[in-house]
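*Asks:* From first to last, the protein sequence lines are chains A and B.
The first sequence begins at 3 in the working numbering and counts up by one.
The second sequence begins at -8 in the working numbering and counts up by one.
Rather than coming from a laboratory, the hints here were simulated on the basis of the structure.
All of these numbers come straight from a predicted model, not from anything done at the bench.
Among the hints, erroneous ones may be present.
To be verified - Covered, in the sense of this in silico footprint (three residues per stretch, anywhere, with C-beta under 8 Å from a C-beta of chain A), are these stretches of chain B:
1. 53 to 64
2. 69 to 75
Said to hold, decoys possible - Heads up, simulated DMTMM-like pairs for lysine to aspartate or glutamate below, C-alpha to C-alpha not over 25 Å straight-line:
3. Lys196(A) - Asp111(B)
4. Lys196(A) - Asp83(B)
5. Lys123(B) - Glu271(A)
6. Lys10(B) - Glu82(A)
7. Lys110(B) - Glu169(B)
8. Lys100(B) - Glu88(B)
Just so you know, even glycine gets a beta-carbon here, dropped at the ideal spot from N, CA and C.
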Amino acid sequence: MKKWLKSAWFEKGAISPAHAHYLRKSRLTQLWVWLLRFGILISLIWLWEWSTDSGILDPFLFSSPSRIWQLTSQLASSGELFHHIWLTSWETIVGFLLGTATGIALATLIWASPFLSQVLDPYLVVLNSMPKVALGPLFIVTMGAGFGSILAMAIAITVIVTTLVIHSSFQGVDASYSILARSFGASHTQIFLKIIFPACIPDMIATLKVNVGLAWVGVIVGEFLVSKAGLGYLIIYGFQVFNLTLVMVSLFIVAIISTVMYQLIAWLEQRLLRYRLVS
Amino acid sequence: MISPYAIEVKQLTHSYFTKKAEMIAIRSITFSVLPGEFLVIVGPSGCGKSTILSLIAGIFPYTSGEILLFGQEVRGPSDKIGYMLQKDGLLDWRTVEGNIHLGLEIQRKNTSADLSYAKDLLRQVGLAQTLKYYPSQLSGGMRQRVALVRTLATKPEILLLDEPFSALDIQHKLHLEELLVRLLTQQKKTAILVTHDLEEAIALGDRIMVMGGQPGEIRQIFDVPETLRNLSPMKTRGHPDFRPLFEKLWREVERP
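Let the sequences and hints guide you as you build the complete structure.
*Replies:* See below:
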């Protein structure tokens, strides 16, 4: 181990002794960061397993890593799990894309007409402060207990906040940009397409990031209320039959998939905002 | 009707309104600019210099009076005008190439001939190699040169310059002045420059209009002597006639 720490790998690519010293230091730090990350994860899992094994925690209430693993592989091999994952992911993706797109469209509409913006302002304020989850029963009676209601929940939870954030972002665009475009004789539409909209793409991506999280809330709560399948359904079903291992399995899968979605958007952000990175 | 003037401003008055008050920015401004002439407007902050430029550019409608460009009344932004601000306003998300094409795109003039004219201008200001760069990769002086190219790319006959060089250090400022004078005389363009800097006013202007007061009014219009007019901006500053004119302007600007 000691010998390995002294190995040349840490200084690979060095162009001078001082640079080599710097590289060794920063790579060692990086190594420690990763070691500790995994260390914490593994010791938490071990602590959990050990305390349920030795009876300090009741495995009936708190499950255990081995039970979670067993159930996961069992559900996976029967293919049942993938059906739930697919359904929930699909609902989330559609919900958050539709919610964000509708929000941006609404923001564009009220940006284009300050009059309309004044008229709609109190409605937006009320809708924004309203806990959207409370609308659940209304969605169920209008759209039935199924896909439609769940989607409506995800959209309702994302659309208003998107509208408000994007609208204020539209208004926050540097006025000298608009004056410049006006001086070239740009029309209202041209100003929007060439200046306002592209200037706000960073903020739109930021709302995408927030909306992924919000759409998950909408979909999971929606599934709590109506569904016969999906990860939210597994959680509520597991709770009702007091199979806490099933609840834990679902929670872990939700955590993994939502992280993946977030990372995808972070990747998209890097692709779209390359102009910010160069300097 | 054919007018001998490129720009005529007659009895121009403009007010800004709020719920509680009317703020008169400029009152009864009258002046005219001949084609090919370079007029400089100087005066303290808040005397309405920039307002005059925005009104000539047709950015917003004026309260009363009249503005004519080559005999035609201003009713909104015109293709004849190029407007340049202190803030370069380069769009961060577009490359230099995209930025200099902006005006052409908006005016739907982006034919290959127009686009290559813009590229040629970029070469003339010495930035041909930055075509694919983003604005964040350029220095302040380079950014302002790109902004100048963007303004000239639509081939405006009149240039309105609102303190375009005030944020630059003296070295870049002098270089840009030289460049501007070279391009303008070469293309015989009419220009109005608004500035705080009296030296710059003398170095660039054919006539200098001093404004003051609140609401802003014209104090006096000075002719820059022939001896200074034909010199390059750098050489003007060293000429014996430079200092006396500077003192006169200074007194007029300082007068309460």
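*Asks:* Does each hint hold? Answer for all of them.
*Replies:* Hints versus structure:
| no. | hint | result |
| --- | --- | --- |
| 1 | 53 to 64 | violated (count 0) |
| 2 | 69 to 75 | holds (count 5) |
| 3 | Lys196(A) - Asp111(B) | 24 Å, holds |
| 4 | Lys196(A) - Asp83(B) | 12 Å, holds |
| 5 | Lys123(B) - Glu271(A) | 21 Å, holds |
| 6 | Lys10(B) - Glu82(A) | 66 Å, violated |
| 7 | Lys110(B) - Glu169(B) | 20 Å, holds |
| 8 | Lys100(B) - Glu88(B) | 15 Å, holds |
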